[in-house]
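Asks: In case you want the letters, here they are:
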Amino acid sequence: MNFSVLSSQFWSLCLSGLSLGLIYVLISLGYTMVYGVLRLINFANSEIFMVGTFATVWVETGLTGHTNDSQPLHGFQLIWTLGLALVIAMVASGITAVAVEFLAYRRLRARGTNRLASLISAIGMSIVLSESARILSHSRPQASPRLLEKTSFGEVAGANFRIDTVLVIISALVMFFILDRFVNKSRLGKAIRAVSMSEENSKLMGINLNRVISITFLIGGLMTGAASFFFMTVYETTKFNVGFSLGLAAFTAAVLGGIGNLRGAFFGGIALGLLETMSAAVLGSQWKSVTVFVVLVLVLLVRPNGIFGEAIQQTRV
Amino acid sequence: MINLRDKGAELWEGWNRPKRTVFVLALIGFVMFMPFLGNFSFTSILDTPIASYQDVLVYPIGMFVLMGLGLNIVVGKSGLLDLGYVAFFAIGAYTQAILGTRTHLNAWEILPIGMGLAMLSGVLLGLPTLRLRGDYLAIVTLGFGEIVRIVTLNISITGGTNGIARIPSPPAIAGLKFDIMHPVNYFWLVFAMILLVIWMIRRLSVRRPGRAWEAIRQDEDVAMLMGIPTLRYKIWSFSIGAAVGGAAGVIYAAKVLVIAPQMFTFNVSVLILSCIVFGGMGNMWGVVFGGIILAYLPERIRFITNARQLVFGITLVAIMNIRPDGLLPRKKREKLKAKKAAHNV
Chain A
0 MNFSVLSSQF
10 WSLCLSGLSL
20 GLIYVLISLG
30 YTMVYGVLRL
40 INFANSEIFM
50 VGTFATVWVE
60 TGLTGHTNDS
70 QPLHGFQLIW
80 TLGLALVIAM
90 VASGITAVAV
100 EFLAYRRLRA
110 RGTNRLASLI
120 SAIGMSIVLS
130 ESARILSHSR
140 PQASPRLLEK
150 TSFGEVAGAN
160 FRIDTVLVII
170 SALVMFFILD
180 RFVNKSRLGK
190 AIRAVSMSEE
200 NSKLMGINLN
210 RVISITFLIG
220 GLMTGAASFF
230 FMTVYETTKF
240 NVGFSLGLAA
250 FTAAVLGGIG
260 NLRGAFFGGI
270 ALGLLETMSA
280 AVLGSQWKSV
290 TVFVVLVLVL
300 LVRPNGIFGE
310 AIQQTRV
Chain B
0 MINLRDKGAE
10 LWEGWNRPKR
20 TVFVLALIGF
30 VMFMPFLGNF
40 SFTSILDTPI
50 ASYQDVLVYP
60 IGMFVLMGLG
70 LNIVVGKSGL
80 LDLGYVAFFA
90 IGAYTQAILG
100 TRTHLNAWEI
110 LPIGMGLAML
120 SGVLLGLPTL
130 RLRGDYLAIV
140 TLGFGEIVRI
150 VTLNISITGG
160 TNGIARIPSP
170 PAIAGLKFDI
180 MHPVNYFWLV
190 FAMILLVIWM
200 IRRLSVRRPG
210 RAWEAIRQDE
220 DVAMLMGIPT
230 LRYKIWSFSI
240 GAAVGGAAGV
250 IYAAKVLVIA
260 PQMFTFNVSV
270 LILSCIVFGG
280 MGNMWGVVFG
290 GIILAYLPER
300 IRFITNARQL
310 VFGITLVAIM
320 NIRPDGLLPR
330 KKREKLKAKK
340 AAHNV
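Residue numbers (numbering that gives the first Met the number 0), protein chains in the order written: chain A, 0 to 316; chain B, 0 to 344.
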């Protein structure tokens, strides 16, 4: 154990924790939005994330023809390539999410069956997605070329403001803000909130349930796809099973903040990112998930519905 | 679609006691004979390419059925979603591995210790977390499963990534040798344990704990209002399930002789849970059936090595969409019973 790290590198840890945390926030939106409307854990969300990382790699290598030893881009070309990668990653994840809803959830929902059947069906979809990626990528890790030169804006209090970290933090904040406005202000957002309050009543109010649920999956997928692009920008490598640990962490973040609650996911994600980074520095990175789960259990003991969660209806298997 | 479970139950209820006894004995005899089925030409379709058929019967098939029955007490009977069942399996396996290699205790003496430790960890996990409901419990149990795996990876007594090798085989009982050359004996051992668990569940189901679990599963608030100490029964359910998982772990470690953390991943928990849902939740025969199919199928199609898991995933989605209540659901049977009761009144 090395507590001196905490004082000597505090701000630097905070900064990297914040960027990791914001990636978690975006992924956990995929969980929390779906949970809000369906009261189901979207188990395939980790694979939706994985699809996004593969799409990013595909755009940066296959589509625009860069290789691992190509020079970093500048100016308009850089913005255009990264923008394209972001959009395609989001679209790929969004489409996957809608497909998952269509194949794994819709029929079961129409028949009004038990929740576990949907869970297993989602787990099945998650196996299908990750196995397809494994077969297509021959189990090899995929690296994205370094298109963005990782220059630093300078150091403040020991924290290195690198361009990729800053980019992730600002864009993720903007995206979360837009989403929050969308859900709280727009007509469609109102429909989503209505469905999450009561499926029956929103149907009576003339809301097209299937359409709203599809759109919720789409939005969750778009956000998860954006997270995968940012993840690739910072960490630069992915594998068919990348989704498992990140998805687990993001889901924990959603639960920590109070699942089904957007702002809860926001604070839960950031808290989790900071916690993970700090505990990795103090205890060694192999113990970080243990710390995270211990904290989760402790939080749930005091606040059984998460930090910002409302009293949730009783959920039964 | 025909409901095999109901047809079977109808047939069974129509029989008198001697008929039932004969049927049960015949079934037990058939299962005991199963390891030799791979030998005949007309049953060679059963044979599993690559892995030996007799080994496959012990692990995964026997183990999956055993653990499926154990987890079914938690998920199917009391309705607690446990996504970290592999933790108890791992605790049992590591108990056998550590005590077997470091002390003179043999596997039979370690078995109760392993079950006890698994139960204890079940209680320790259950006390704080069983107050939570539904999906919160799911994520905490999932986390517990991961914690156990990470701990075994990172502390020295469990051997880290390499795991523990040279675990001693159990000593012979009544002339039945337990070593690599005799997988059949392991199969009989696991089968005996499965019978024991089935017997235990059948007894518990018709007594107070079984009724309490059923009430908790259907509506926890109502159960509490009826004076059922729900937390206590939930912990019982959790720890009995854990003990079965621990027992499976001890036998597994004694059978495979080498264990390592990568054998105890989240995938195992998912597979066991799938057995339950696949076969028909809460229904013992459904679980047995689901366990056999989900354990056997990936082994049978091992020749398509690369796409094996893919086919498995597609099967899960397809079956869940076609039969959401599992292959042998209990629902209709319960409805039928209710109808009959109403008719009699």
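Hints should not be assumed to be uniformly reliable.
Stated by the list, open to error - Computed far set for chain A versus chain B, every beta-carbon distance over 10 Å:
1) T60
2) T150
3) L203
4) V254
5) R262
Unchecked claim - A short list of chain A residues far from chain B (calculated; beta carbon distances all over 12 Å):
6) L5
7) Y30
8) H73
9) Q76
10) I94
11) S117
12) I119
13) F243
14) L300
What the hints assert, rightly or not - Looking from chain B toward chain A, a few residues come up when the C-beta cut is under 8 Å (computed):
15) N15
16) V122
17) L126
18) R130
19) G142
20) N153
21) I154
22) T157
23) A306
24) L315
25) M319
26) N320
Quick caveat, the hints were computed from the structure, so don't treat them as lab data. All C-beta atoms, glycine included, are put in the ideal place defined by N, C-alpha and C.
Asks: Against this structure, judge whether each hint is valid.
Replies: Structure-based check of all given hints:
For T60 (chain A), the non-interface assignment is confirmed: its Cβ lies about 24 Å from the closest Cβ of chain B, beyond the 10 Å cut-off. Interface exclusion of T150 (chain A) from chain B stands, the closest Cβ pair being 36 Å apart, more than 10 Å. The non-interface label for L203 (chain A) is consistent with chain B: the shortest C-beta to C-beta separation is roughly 25 Å, beyond 10 Å. V254 (chain A), annotated as away from the interface, has a beta carbon of chain B within 10 Å; the closest lies near 5 Å.
Annotated as non-interface, R262 (chain A) keeps its C-beta farther than 10 Å from every C-beta of chain B; the closest such distance is 19 Å. At roughly 21 Å, the least C-beta separation between L5 (chain A) and chain B is larger than 12 Å, which holds for a residue marked as non-interface. The Cβ of Y30 (chain A) does not lie farther than 12 Å from every Cβ of chain B; its closest approach is about 10 Å, which violates its non-interface assignment. Even its closest Cβ contact with chain B, about 42 Å, leaves H73 (chain A) beyond 12 Å, as expected for a residue assigned away from the interface.
Separation of Q76 (chain A) from chain B is adequate, the least Cβ-Cβ distance of about 38 Å exceeding the 12 Å criterion. Every CB of chain B is more than 12 Å from the CB of I94 (chain A) (nearest about 18 Å), matching its label as outside the interface. The Cβ of S117 (chain A) does not lie farther than 12 Å from every Cβ of chain B; its closest approach is about 8 Å, which violates its non-interface assignment. Once the 12 Å rule is applied to beta carbons, I119 (chain A) is inconsistent with being away from chain B; the minimum gap is 4 Å.
Distance check on F243 (chain A): its Cβ comes as close as 7 Å (rounded) to a Cβ of chain B, failing to clear the 12 Å threshold; non-interface status is violated. With 12 Å as the threshold on Cβ separation, the claim that L300 (chain A) sits away from chain B is violated: the shortest Cβ distance comes to roughly 5 Å. For N15 (chain B), the interface hint is violated, since its Cβ never comes within 8 Å of a Cβ in chain A; the closest pair sits about 35 Å apart. The beta carbon of V122 (chain B) comes no nearer than 15 Å to any beta carbon in chain A, farther than 8 Å, and the hint placing it at the interface is violated.
Taken as an interface hint, L126 (chain B) does not check out: its beta carbon lies about 10 Å from the nearest beta carbon of chain A, beyond 8 Å. Because the closest C-beta pair between R130 (chain B) and chain A is about 7 Å apart, less than 8 Å, the hint holds. Satisfaction of the interface hint for G142 (chain B) is found here, the shortest Cβ-Cβ separation to chain A being roughly 4 Å, below the 8 Å cut-off. Proximity of N153 (chain B) to chain A holds as hinted, the smallest CB-CB distance being about 5 Å (cut-off 8 Å).
The beta carbon of I154 (chain B) is not positioned within 8 Å of any beta carbon in chain A (closest approach about 10 Å), and the interface hint is therefore violated. Against a cut-off of 8 Å between C-beta atoms, the interface hint on T157 (chain B) is violated, since the closest Cβ of chain A lies about 13 Å away. The closest approach between the C-beta of A306 (chain B) and any C-beta of chain A is roughly 7 Å, which is under the 8 Å cut-off, so the hint is satisfied. Proximity of L315 (chain B) to chain A holds as hinted, the smallest CB-CB distance being about 3 Å (cut-off 8 Å).
Given hint, M319 (chain B) at the interface with chain A, holds; its Cβ is 4 Å from that chain's nearest Cβ, closer than 8 Å. A cut of 8 Å between beta carbons decides the hint on N320 (chain B): the least distance to chain A is about 5 Å, and the hint holds.
The structure fails hints 4, 7, 11, 12, 13, 14, 15, 16, 17, 21, 22 (numbered hints given earlier, in ascending order).
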